[in-house]
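Asks: Make the full structure from the sequences, and use the hints.
In the numbering used here, the protein residues as written are 244 to 491.
What the hints contain is simulated information worked out from the structure, not anything from laboratory work.
Treat the hints with caution; some may be incorrect.
Claimed, not checked - BS3-like mimics (lysine-lysine), calculated; alpha carbons at most 25 Å apart, straight line: (1) 390 to 371; (2) 358 to 424; (3) 438 to 424; (4) 455 to 476; (5) 390 to 322; (6) 322 to 267; (7) 438 to 390; (8) 390 to 358; (9) 358 to 322.
Unchecked claim - The calculated label-pair distances, taken between Cβ atoms and stated as ranges, are: (10) 258 to 320: 28 to 38 Å; (11) 287 to 317: 19 to 29 Å; (12) 440 to 291: 42 to 52 Å; (13) 390 to 321: 26 to 36 Å; (14) 472 to 274: 41 to 51 Å; (15) 419 to 274: 19 to 29 Å; (16) 323 to 372: 21 to 31 Å; (17) 450 to 422: 41 to 51 Å.
Given the structure is predicted, the values throughout are model-derived calculations rather than measurements.
Just so you know, even glycine gets a beta-carbon here, dropped at the ideal spot from N, CA and C.
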Amino acid sequence: MVGWLLMSRGEYSMFFFNPFTNAKIDLPDLPEYYYFDTISFSSVPTSSDCTVFGILSLFNDTAWFSSISCGEESWTWAKVNSNLKFQPSHTNPVFYNEVFYCLGQDCNLGVFNPKEEDSSWTVIDGPKNPHGCDSVYESYLMECDGKLLLVSAGNRGRGVSVYTLDELELAWQRVTDLGSKMLFVSHSTSFSSTKVVEGMENKIYFPRFCGKDGVFYCLATNRYGSFGSNIRKKDLHGIEEQATLQLD
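Replies: Right, dumping it as structure tokens:
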């Protein structure tokens, strides 16, 4: 899905845009004013099995969802009753093993299956807040090498922890070394990659800057750093967050 962005314009319009090719794919307008808490898509929008899925709201035991798949002419809306509490974290869903996984503020997981009749929604209440995961605003979910990863930054970014989901035990297991992997995290999207230049591995890259230089967290040193500025910091104090891109 590299290169494709899911974007909005006005109150009812959403579309895919590829800034590298200037390709644009429109989606049918939403029937009502949208305000998604989280939203994601399953595959490149040129694929026949691409599905867009968003959570509109979760209130008490009622959840509202909306989704649309390639070739459909209108959005599907679903109201699901659940007796399990779930409040989404500030990170978008991840399409993994043919379903969408949504991270809760307690580090539990909500699962949405768009292929089942009536689009099923369940809450996996097994995974609990692991030690060190205490910030609902700095938690990120992604897939890496066929596994679900959770990245959590502590208060004011002090300390960053990585966990992988043990699907048999339904528990988060601590990861202390990413090997050759790099993680790129933000509230809009997060993904993993293999190092392209020596020295970039085993680091987590945030949409934050020290001056004009991007900032990463190194798991080997447990410090924030930058390739351009010779900084070594324990927290994010004085480090600016990248502004959100908005289109008129």
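Asks: Of the hints given before, which are not true for this structure?
Replies: Hints 2, 5, 6, 10, 12, 15, 17 are the ones this structure does not satisfy, whereas the remaining hints hold.
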